[in-house]
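Peer 1: Sequence:
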Amino acid sequence: MRVQSPNADAVDAPLRFWRPFPREVADIICGEGAVGAVPIHTHEVLQVMLPASRFAVVDGRGTAVVVRPGQVHVAGPLELHGARRLDDAPCAMRVILVATDALPSLGAGLPALRRGGAAYDIHQAIVDDPDLYAELWGLIGELRGPLVALANVPRLLACLTRLLDGLAAHSTRVPRPPAGRQAAGVGRVRDHLRAHIAENRSLDELARVAGLSKFYLLRAFRRAHGVTPHEYQMQLRLAHAWRFIGEGRPLSRTTYDAGFADQSHLTRRFAALFGVTPARYARQLAVPPGAAPSSARGTDRSAAASAA
1 MRVQSPNADA
11 VDAPLRFWRP
21 FPREVADIIC
31 GEGAVGAVPI
41 HTHEVLQVML
51 PASRFAVVDG
61 RGTAVVVRPG
71 QVHVAGPLEL
81 HGARRLDDAP
91 CAMRVILVAT
101 DALPSLGAGL
111 PALRRGGAAY
121 DIHQAIVDDP
131 DLYAELWGLI
141 GELRGPLVAL
151 ANVPRLLACL
161 TRLLDGLAAH
171 STRVPRPPAG
181 RQAAGVGRVR
191 DHLRAHIAEN
201 RSLDELARVA
211 GLSKFYLLRA
221 FRRAHGVTPH
231 EYQMQLRLAH
241 AWRFIGEGRP
251 LSRTTYDAGF
261 ADQSHLTRRF
271 AALFGVTPAR
281 YARQLAVPPG
291 AAPSSARGTD
301 RSAAASAA
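Reading the sequence shown from the start, the letters are residues 1 to 308 in our numbering.
Worth flagging that the hints you see were computed from the coordinates, not collected in a lab. Hints should not be assumed to be uniformly reliable.
Heads up, simulated SDA-like pairs for lysine to any residue below, C-alpha to C-alpha not over 20 angstroms straight-line [as the list claims (entries may be wrong)]:
no.: 1; residue 1: K214; residue 2: D204
no.: 2; residue 1: K214; residue 2: G185
no.: 3; residue 1: K214; residue 2: H240
no.: 4; residue 1: K214; residue 2: M234
no.: 5; residue 1: K214; residue 2: E247
no.: 6; residue 1: K214; residue 2: V227
no.: 7; residue 1: K214; residue 2: R249
no.: 8; residue 1: K214; residue 2: D165
no.: 9; residue 1: K214; residue 2: H230
no.: 10; residue 1: K214; residue 2: R201
no.: 11; residue 1: K214; residue 2: H192
no.: 12; residue 1: K214; residue 2: G226
no.: 13; residue 1: K214; residue 2: S202
Produce the entire structure from the sequences given, and follow the hints as far as they go.
Peer 2: Rendered as structure tokens:
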């Protein structure tokens, strides 16, 4: 199956995001574009990605798995992942971000993806289902207009149900690091950072939580996640900010609630990771794609100015 790149001439341009439905109807965000690379990042939501070109999906440790059109990549909440090009071709894709509040209503197979009755143990997987891919691809295209029929909500949820139900039977799991003797301590630190995202935590405190020396903690944490605990906490804060902006919180409050020193710090970090400033991302969600002005793909100067 041949799929046209959604924005093949916009290599190294930011992905364009939009909210197809009112948040109270379906807390879902869509996006599309073609970029040179996607930095390692995470979200507090389920991410479903449809590649329109062949490229590599990578995790925090740099482990790469090639994806292609016809496959669906799934990344669970708080999974570190990114993408890099192959053969100088852009990473062209469409994505759907589904809030975790919507997950309990999706699919009989979902309970098997739960751990401890709370956190979703989805991690990362590639579902090889060309029919489902084609249906999701076409549906996202229908969700791009300024007026989207609410009848598309059950259609989208049905596709997501099929996707989650098919994870066990038709998916390839992205390899995870082998468990070592420090794994339990690293897990405690990871959970501790997730519970205190906006609060500064010293390495001494994290070493006590892990029951390891600072040296062993840094080495074991990087082996498991590809980043240091401090870098991991920054990823969590940026994911927090992404969600808060999607909820419509003012940037001044988002800055404080996500744990950033000031708004300029948030803007720099957010733009470096996601390729778009917080202010511009907020405007993207507020304006449907079909109603967006022609300058929406221009420079980001005005957004940076309004975010300062």
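Peer 1: Given the hint that K214 pairs with R249, does the C-alpha gap stay at or below 20 angstroms?
Peer 2: 37 angstroms, violated
Peer 1: Below or equal to 20 angstroms on CA atoms is what counts here, so check K214 against R201.
Peer 2: 13 angstroms, holds
Peer 1: Within a Cα-Cα threshold of 20 angstroms, do K214 and G185 meet the stated pairing?
Peer 2: Holds, because 11 angstroms separates the two Cα atoms, which is no more than 20 angstroms.
Peer 1: Is the Cα-Cα distance between K214 and V227 20 angstroms or less?
Peer 2: Given that 20 angstroms is the threshold and the Cα spacing comes to 15 angstroms, the pair holds.
Peer 1: Measure nothing beyond the straight line between the CA atoms of K214 and E247; if it is 20 angstroms or shorter, mark the hint as holding.
Peer 2: Status violated; Cα separation ~37 angstroms.
Peer 1: Are the Cα positions of K214 and D165 separated by 20 angstroms at most?
Peer 2: The given pair, whose Cα atoms are some 41 angstroms apart, is violated under the 20 angstroms limit.
Peer 1: Verify the proposed pairing of K214 with H240, using a straight-line Cα cut of 20 angstroms.
Peer 2: Violated, at roughly 27 angstroms.
Peer 1: Are the Cα atoms of K214 and D204 separated by 20 angstroms or less?
Peer 2: With a Cα-Cα distance of about 7 angstroms, the restraint between K214 and D204 holds, given a limit of 20 angstroms.
Peer 1: Is the straight-line distance between the alpha-carbon of K214 and that of H192 20 angstroms or less?
Peer 2: 16 angstroms, holds
Peer 1: Can you confirm whether the C-alpha distance between K214 and S202 stays at or below 20 angstroms?
Peer 2: 10 angstroms, holds
Peer 1: Hey, K214 versus H230, does the alpha-carbon distance stay inside 20 angstroms?
Peer 2: The hint holds at about 13 angstroms.
Peer 1: K214 and M234 were given as a pair; does the straight-line alpha-carbon distance stay at or below 20 angstroms?
Peer 2: 19 angstroms, holds
When held up to the earlier numbered hints, the structure conflicts with 3, 5, 7 and 8 and fits the remainder.
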